[in-house]
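Could you slot chain B onto chain A? The hints should help.
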Amino acid sequence: MPEVAVIDYGLGNLLSVRRGLEHCGATVTVTSDPDTILSAPRVVLPGVGAFAHGMAELRSRGLDTIVRKVAAQGSILLGICLGMQMLLDESEEFGKTKGLGIIPGRVVSISPTTGNGFSQKIPHIGWNKLVLPRGFVNWEGSLLQEVSPGESVYFVHSFMAVPNNPKYRIANCLYGEASVPATIARDNIYGCQFHPEKSGEIGLKILHSFLSL
Amino acid sequence: MEVASCRLAQSERVFCTMRRVRLIARLDIKGPNLIKGIHLEGLRVIGSPNEHALKYYHQGADELIYMDCVASLYGRNSLEEIIQNAAKDVFVPMTVGGGIRSVEDATNLLRCGADKVAVNTAAVANPQLIRGISQRFGSQCMVLSIEAKQACPGKWEVYTDNGRERTGLDVIDWVKKGIDLGAGEILLTSVDREGTRKGFDIPLIQAVTREISVPVIASGGMGKTEDMIDAVREGKVDAIAMADILHYERATIDDIRSVAVSADIEVRGFEYA
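Chains as they are written, first to last, in our numbering: chain A, 1 to 213; chain B, 1 to 273.
Extracted from the complex, chain A is given alone in its bound form (with noise of 0.2 Å):
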């Protein structure tokens, strides 16, 4: 059965990512001991709410080192939501905070408004479509590969996490004319700014297909 180590640093549904990765096959364990997270060869780095807590509260544990090892030993590495966030180098999110600098990006506010000025809601919530961004095909090979474009997975967000280089983005969904980045992935390091355990069977695919990556 595939191994997942899932960070335990005080934030994230950890229960609900366990949960969806067992119901995949997986082994999971739910960790803060870095030989523990060092040893898996696939690691979850959840989290839900805010980016200034959710570092500190990885640099508390001295775990922020140990996530940039994960990325840099060439585990397979799956940020959620603010997990995927704290990957990219800072966030403006209550002034300007250093993220984990693994993929170069910034963690920006969703616009509130559309294109045509017409005002949206922040946070995010909701589900929304999977799209594919120009240049893309298809996503074969990757997390997504069991997922066609336009299905719909589970967003609950107010910021959003932009690499620099627009090849790392490899699913995007349209929230009013604001184009935000729902899945980044540059070689064994994945993120999904939606959450796949809460996303139904759609979700439990990405999770299955992380398992088999």
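There is no bait here: all hints are sound.
Computed list of lysine to aspartate or glutamate pairs in EDC-like fashion (alpha-carbon distance at most 16 Å, straight line):
(1) A/Lys98 x A/Glu57
(2) A/Lys129 x B/Glu266
(3) B/Lys177 x B/Glu211
(4) B/Lys88 x A/Glu201
(5) A/Lys69 x A/Asp33
(6) B/Lys55 x A/Glu201
(7) B/Lys55 x B/Asp89
(8) B/Lys149 x B/Asp192
(9) B/Lys198 x B/Asp230
(10) A/Lys69 x A/Asp187
(11) A/Lys205 x B/Asp89
(12) B/Lys155 x B/Asp170
(13) B/Lys88 x A/Glu22
(14) A/Lys205 x A/Glu22
(15) B/Lys149 x B/Asp161
Computed Cβ-Cβ distance ranges for the label pairs, DEER-style:
(16) B/Asp254 x A/Asp89: 36 to 46 Å
(17) B/Glu266 x A/Glu146: 17 to 27 Å
(18) B/Lys88 x A/Asp35: 22 to 32 Å
(19) B/Glu104 x A/Thr27: 24 to 34 Å
(20) B/Val45 x A/Pro112: 43 to 53 Å
Read the hints as simulated data drawn from the structure, not as lab findings. Heads up, the beta-carbon is just placed ideally off N, CA and C, and yes, glycines get one too.
Same frame as chain A, but now just chain B:
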């Protein structure tokens, strides 16, 4: 001509501001049982919470809401075990409310698999609880649950303890204050309509959605599938909470989705085989 262009502008506005509407199954809980009342009272046992949760998940509910009906009355919370069980098989967001009196209570429920907490009674008694929860977990996690009863035409009063206790607070004032303190979503239950099957209280919903920009879930009164159309088109709500209509099998979530689609209301496409 004048009238026609005005209509067009109006419908464009609806198109631009209308978002995908969430269809939410609401499960009211008393002890180990799923129950249903009228005006939040006269509770009848429906059955097992978990069986119903699973059924609605497989029908394609976008979310589930669990409400412990008597928690604030007895000062306890019996939901943790039910939520932990649900989290094994239900992979859509779950909001849990009833009897949450502290950030610690909220923490425990989130640890059990809840994604959001809904707070009513304790927030009225101590509004800083809203700030405490939203600062700790983010405003998206902090649902302000409001039980509203009409006081006079155009005015609604906030009730607590599952529609039993008056507060003297005006619903609109309280909603605004709650949002200032960090509430990220409003669960708006009409005590007058709850369990009556008479349709949603549209003037109440309009009064709230006109004033605020955070998402609003309408709850209370859905008697037939078409009632949701009014709540969305006239009430401009972001989500519909349904209980009676689902529990008594007067409609499935699929039926409601079909009605929404035929009324040009965007809902989640549902992809199960």
